[in-house]
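One line per chain: the protein sequences are A and B, in this order. Everything in the first sequence is counted per this note's numbering, starting at 37 for the first residue and increasing by one. Everything in the second sequence is counted per this note's numbering, starting at 37 for the first residue and increasing by one.
If you're looking for bench data, these hints aren't it; they were derived computationally from the structure. Check before you lean on any hint, since a few could be wrong.
Note that the list lumps identical chains together, so a pair holds whenever it fits in one copy or between two copies.
For lysine-lysine, the following DSS-like pairs were computed, each having C-alpha atoms within a straight-line distance of at most 27 Å [as the list claims (entries may be wrong)]:
| # | residue 1 | residue 2 |
| --- | --- | --- |
| 1 | Lys40 | Lys169 |
| 2 | Lys43 | Lys211 |
| 3 | Lys211 | Lys87 |
| 4 | Lys87 | Lys77 |
Quick caveat: nothing in here was measured; it's all calculated off a predicted structure.
There are 2 protein chains.
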Amino acid sequence: MGFKGEKTRKKILDDAAHLFRTKGFGATSINDLLEATGVTKGSLYFHFPGKDDLGLEYLRQASERFMDFIDEGLEGDTAAQKLDSFLRLALDYHRGRGFVGGCLFGNTALETSDTAPAFAQMTAEVFLEWKRKLAAIIAHAQDEGAIHQGRTAESLAEFVIAVLEGGIMQSRLHKTEEPMNNCIETLRLMLFIPNPGSDQRRSH
Amino acid sequence: MGFKGEKTRKKILDDAAHLFRTKGFGATSINDLLEATGVTKGSLYFHFPGKDDLGLEYLRQASERFMDFIDEGLEGDTAAQKLDSFLRLALDYHRGRGFVGGCLFGNTALETSDTAPAFAQMTAEVFLEWKRKLAAIIAHAQDEGAIHQGRTAESLAEFVIAVLEGGIMQSRLHKTEEPMNNCIETLRLMLFIPNPGSDQRRSH
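Please take these sequences and the hints and turn them into a complete structure.
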């Protein structure tokens, strides 16, 4: 495919993003896509054999970007700072979008788990990889003495993902920052040990 | 409406349940509904002017049943036992359905928050009422000294809902009990104070 073809393909993926993120993959129609991308039906089908191919490619690229972000986008010298950074940047991301669209992976999990195996399988891999990456950070933070050690790093990673997804859900529903912010602050209180390295350990 | 009419109306709502819970409201077509309910198109439209009317009525009745369950279905003499019972019964419910369908209200939150105001508004009211009811139980459990007191009862209720929804999401996606079970066990560890009333308070 030439440069112009690549550019059209990329434009279709970019312009379809808002539809996929707000309406979901199933409810986004071919007509919605033609309207949002401005390409002809012939051009759309030249680049993607069907709507699901476009949707799956969008999901694949979004998951790559998300994994790169976890690998390279987190700030901090210690693992605890990196986890803290992840929580802060997640809130910033959703606040910056006015809590519209939510988490693409959470949306797709609930939309497709029982009905669209190709989407569900790709989403399941995203969640497993997300958990693995967070568990690695949390294991280091546990070694640093900065994170609750009563559960395995993998269990805590799954818990962190649950809290974020449930917080995003409530903020997206009510279109207010408060639920996601509260869920993250409550999670911090329960997860992080204040003053790691000092004699004081978590106690209430 | 006579007895037979009431019976048909109830049958439509009952038979539509699996579709709404697995596919969502938007992706369930009139043809899906005719096939699942076995009624004629004329009968369907006699009872419900449109698909959304049927969907909203199903959502309204499901939310009433859920609120009744919280008011009357929880076991235990103390508030902490009632909260514990809620967590246990939630896991039992989803395990009993093989993690198919998930939480109707979480599904509907993510499906409709940005695109279907009538559904989103009804779902927002369900989440607020759910939070109020849990917060009342948690406030009592805090008074009993059985629950973490570092956050308000309302904040903890929102957090409990987030953990459950995020746990259900991951169990529904992977079709295994482990994520929801782990999220609930981790929540218990972080929320409940062992041996309330004794000298021992939470410490690790």
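Intra- versus inter-copy proximity for Lys87 and Lys211 (alpha-carbon distance at most 27 Å): between (29 Å within a copy, 26 Å between copies)
Homo-oligomer pair classification [Lys77, Lys87; C-alpha up to 27 Å]: within (11 Å within a copy, 29 Å between copies)
Identical-chain pair category, Lys43 with Lys211, by Cα at 27 Å: neither (34 Å within a copy, 39 Å between copies)
Intra- versus inter-copy proximity for Lys169 and Lys40 (alpha-carbon distance at most 27 Å): Neither: 36 Å inside a chain and 57 Å across chains, both beyond 27 Å.
Going down the numbered hints, you'll see the structure goes against 1 and 2, while the others check out.
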